[in-house]
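J.: Now for the letters of each chain:
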Amino acid sequence: MPSADVVVIGAGLAGLTAAIELAERGATVQLVAKGMAATHWAHGGLDVAAPPGARSPANGVARLKARGGHPYAILEPDLGPALSATFARLAEMGLAYRGDLRTALRFFPTPIGGLRPAAIVPVGQAPALEPWSPGEGLLLLGIERFRDFWPPYAARNLARQVWNPGPSRIESAAAALPGILELRNLNSLVLARRFDDPSWRAAAVAALRATIPGKGRWRIAVPAVLGLERHADVLAEAGDALGHPVFEIPTLPPSIPGLRLFEALRARATAVGVRVQIGFEVAGVERDGDTITAVATHAAARPLRISTRDVVLGTGGIGGGGLRGRRDGALEEPILGLPVAAPGSAEWLGGDLYGAGGVALESAGIRVDDQLRPVDPGGGVVLRNVRVVGSALAGMRYLAERCGDGVALASGYRAARLIAGEASNPSAAEAPGPARTAVAS
Amino acid sequence: MTDVDVVVVGGGATGSGVLRDLAMRGLRVLLVERADFGSGTSGRYHGLLHSGGRYVVSDPVSARDCARENAVLQRIAPHCLELTGGYFVATPDDPDDYLEGFPSACADAGVRTEEVPLRELFAAEPLINRRIRAAYEVRDASMEPWELIDANHASAREHGSDAWRYQALVGVERGPDGSVAGVRLEDRRTGEQRGVSCQVIVNAAGAWAGQVAALAGATLHMSPGKGSMLIMNRRLTSAVVNRLAQPGDGDIIVPVHTVSILGTTDVTVDDPDDVRVTADEVDALLADGDRLVPGLSSARVLRSYAGCRPLYDAGEIEASDTAHHAQSREISRAHHVIDHGARDGVPGLFSIVGGKLTTYRLMAEQTSDRVCVSLGIEAPCRTADELLPGPPGARPYWLGGRLAAVEADGGGDADLVCECEIVTNSMLRHALEERPDSSIDDLRRSTRLGMGPCQGAFCTCRAAALLAERADAGQRPPEAPEPNDSLRAFLAERLRGAAPIAWGDQLMELWLEAGVYRGTMAVDTLPAGEDMAPTDAVG
Chain A
11 MPSADVVVIG
21 AGLAGLTAAI
31 ELAERGATVQ
41 LVAKGMAATH
51 WAHGGLDVAA
61 PPGARSPANG
71 VARLKARGGH
81 PYAILEPDLG
91 PALSATFARL
101 AEMGLAYRGD
111 LRTALRFFPT
121 PIGGLRPAAI
131 VPVGQAPALE
141 PWSPGEGLLL
151 LGIERFRDFW
161 PPYAARNLAR
171 QVWNPGPSRI
181 ESAAAALPGI
191 LELRNLNSLV
201 LARRFDDPSW
211 RAAAVAALRA
221 TIPGKGRWRI
231 AVPAVLGLER
241 HADVLAEAGD
251 ALGHPVFEIP
261 TLPPSIPGLR
271 LFEALRARAT
281 AVGVRVQIGF
291 EVAGVERDGD
301 TITAVATHAA
311 ARPLRISTRD
321 VVLGTGGIGG
331 GGLRGRRDGA
341 LEEPILGLPV
351 AAPGSAEWLG
361 GDLYGAGGVA
371 LESAGIRVDD
381 QLRPVDPGGG
391 VVLRNVRVVG
401 SALAGMRYLA
411 ERCGDGVALA
421 SGYRAARLIA
431 GEASNPSAAE
441 APGPARTAVA
451 S
Chain B
12 MTDVDVVVVG
22 GGATGSGVLR
32 DLAMRGLRVL
42 LVERADFGSG
52 TSGRYHGLLH
62 SGGRYVVSDP
72 VSARDCAREN
82 AVLQRIAPHC
92 LELTGGYFVA
102 TPDDPDDYLE
112 GFPSACADAG
122 VRTEEVPLRE
132 LFAAEPLINR
142 RIRAAYEVRD
152 ASMEPWELID
162 ANHASAREHG
172 SDAWRYQALV
182 GVERGPDGSV
192 AGVRLEDRRT
202 GEQRGVSCQV
212 IVNAAGAWAG
222 QVAALAGATL
232 HMSPGKGSML
242 IMNRRLTSAV
252 VNRLAQPGDG
262 DIIVPVHTVS
272 ILGTTDVTVD
282 DPDDVRVTAD
292 EVDALLADGD
302 RLVPGLSSAR
312 VLRSYAGCRP
322 LYDAGEIEAS
332 DTAHHAQSRE
342 ISRAHHVIDH
352 GARDGVPGLF
362 SIVGGKLTTY
372 RLMAEQTSDR
382 VCVSLGIEAP
392 CRTADELLPG
402 PPGARPYWLG
412 GRLAAVEADG
422 GGDADLVCEC
432 EIVTNSMLRH
442 ALEERPDSSI
452 DDLRRSTRLG
462 MGPCQGAFCT
472 CRAAALLAER
482 ADAGQRPPEA
492 PEPNDSLRAF
502 LAERLRGAAP
512 IAWGDQLMEL
522 WLEAGVYRGT
532 MAVDTLPAGE
542 DMAPTDAVG
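Each protein sequence line maps, in turn, to chains A and B. According to my numbering, the stretch in the first sequence is residues 11 to 451, in order. According to my numbering, the stretch in the second sequence is residues 12 to 550, in order.
It is worth saying that the hints were derived from the structure and are not from the lab. All of these numbers come straight from a predicted model, not from anything done at the bench. We treat Cβ as the ideally placed atom computed from N, Cα and C, and that holds for glycine. Everything hinted at is true.
Quick list of the computed label-pair ranges, beta carbon to beta carbon:
#: 1; chain 1: A; residue 1: Val172; chain 2: B; residue 2: Pro407; range: 49 to 55 Å
#: 2; chain 1: A; residue 1: Gly45; chain 2: B; residue 2: Ala500; range: 32 to 38 Å
#: 3; chain 1: B; residue 1: Arg200; chain 2: A; residue 2: Val172; range: 25 to 31 Å
#: 4; chain 1: B; residue 1: Asp281; chain 2: A; residue 2: Asp362; range: 24 to 30 Å
#: 5; chain 1: A; residue 1: Ala293; chain 2: B; residue 2: Arg86; range: 54 to 60 Å
#: 6; chain 1: A; residue 1: Thr301; chain 2: B; residue 2: Arg141; range: 43 to 49 Å
#: 7; chain 1: B; residue 1: Arg200; chain 2: A; residue 2: Ala98; range: 55 to 61 Å
#: 8; chain 1: B; residue 1: Ala500; chain 2: A; residue 2: Ser317; range: 50 to 56 Å
#: 9; chain 1: B; residue 1: Ala290; chain 2: A; residue 2: Gly45; range: 28 to 34 Å
#: 10; chain 1: A; residue 1: Asp300; chain 2: B; residue 2: Gln257; range: 52 to 58 Å
My request is simple: use the sequences and hints to build the entire structure.
T.: Put into structure tokens, the structure is as follows:
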């Protein structure tokens, strides 16, 4: 019978981080996931904390932590080391990130001309966050027939944004790239794969260059399609050839920066010995009292039973499928049946789902102790060898607070250290008060 | 001041039918609608073109009307229909006497029906309840209300008449003898008012007819009957399925394009604008849906919506006119044409109330007949004989139709803006050329944009970008909504329909959509209002 020291369920940032950290510490790790993670929907930057008024990720974390009930109340000490480790392994896989916890949050322009606060982004997005110098214009450079990037719309909105200091002028243009005009329903992935091809890329970059208006200094924004596997090469060539700083704006799914992030971490996990199985839904678990002893997956021919000592649950929130709303108004955790803290169903969508504050249900999730073990409403540990990581955690609102990636990395990192025996009571020194209380009150 | 012979108030199917009918008889007619055409009850029904079978027991007159109009519409409006066919089935919960009486009631009302061997039913509809005891085939079809309304308007335009939307009736001008002399309208987007003189007003405001009558100094007691429906994420059946029982909750499944509509509740409400779907209604619909398709309640529900039936309190009207005693009161689903001249001292005001979408043309004909008599015009009705305008070689909808058209097309115009409903660039551009003042929600009614499983997650920003592009090119009329406002309004509108069914996969879909629009797009930071001055912070 196959066995592992740790079974990690879920292949998002949290699960992959936990798996890699554990494998690097010598554990045998089996990672199973039903499908692709929410990285494919997100912008590929690392949102650590940007609640209203925050000046930097660190400042945002401090604000969230002060509010109480937030996962950062116990995870904050792990955040710095988790980010450093992540940056290092991403760089090793050829995917460099810029920014850190102290970097000022600045406005990042979106494809419809919104402005979102960001600080830690892949190198391909980094020029967007450099301070604008006098006389520097923003050129939104689109691709003809690409349906998901709208330079004129973005330009007309960005020109009316309070963006201080912003570009001195904003213009839009679109380039006709070679050999794609006969394609149908062009999406990001098709374009990114084309950019991976060196000969096509040269012609495409030339076409982009020919579209740049003659005079002045520009910072050029293109849709985030500059290559998937050869992104670093594409970025370097585009920067050289266009003669102006270039950055990518992430747009509708599939998110190419998200795919790059996911692929880099998955490759890293495989490289350090994690057995990665994606497309395998958990069929059930075996328990001995308050301990999970085995996890079974739906393999091709028959259920595959993996006995294990520890489990990391990184199946995501409502968007990822880790929490599931039931018709009767309950919110459930479908794999282990863990207790979920949620508002009453009548209040689920109270608020504004598309407004900055979001809705009440966004803070729902699984409450844990400082060892990341799930607890019941009374604070009692439900399963002793399960650690909950990422967006399934209660008390965070990853859209309103822009904190989902930071919580994922920090919780994945902490779960690994706890399982490896490095952090038996990690927050006692940092925060003696809430050390033993549940995360969400 | 514009001068017309007749002003029709209400841009649903009935008003649009009256517009066409009177225009074809040589009158100059103007239809005014307070919102978008077909945004009231006509756009909020289950999509069924009745065979008449539904009413053979409870209301044989309506049944006969439905059967006749069904045949008329199959002839004059093929492109607005899908000839799904339909079944009436007896589930174990349905009464024996209804089943036994059904065939002869159909024969009496002129509704064509034939018993179907259960083996054939189960082969044709594999998901249907295997405990069904009997089934009858009828000529049900599904009907696209917005195309139907559009075709009526196109026909009216060919005859020199017109229809204006977003025009609220705010006053009625009357002559010294109390007769109708004109209307005052207010553009609901600009606030601008204008007058239109006319001799006749046709009140085709449906569930809102009482409000229109009151503006003209007449009284009309409407009793709006809210009907709620659920959209299931795929076609659960190929044909319409009705239950062999008195009309009740959850008694029908209608396949409409790529989805199925599960209907319908009936709740009397005071305000026809109160079309919230309650949790109780959702539960009732799903429980009854399970009787037709077992397991339906655990399938994915895309959306809920409700419309208000234009029911009126016939007894009350009769009582005020003819002193019938109170026991004669009944809320009728049949339609009635009311001449407010003798009744309320408002000559020139006619109301058409009750009825159903299937009989819209007949209702329009009967109303137009009365209007023509009052004006001394003898031209006969021709709406049942002349085909409604449609695309060349118009044929009924079939499931692969849009895809085939897109495959045959090429270039950027064939690129999909809405994958779920196969809405292309050229379809949207064409809709905007026809009606340049359209919001994204108006475009939904013209093209079905955003009506599929993702409920606008991808196409909303694509459509907003198209509106913005046209605005930059000077093609946005001043009354049209600003693109950002239109985008926000559409997200909010889609959410209203999702909220009552926000569980399971559809809740997950909402979260992914919120993730895209807030997380990646920062939609909450878009500037509002076209006229906002650029800030000096830029530059």
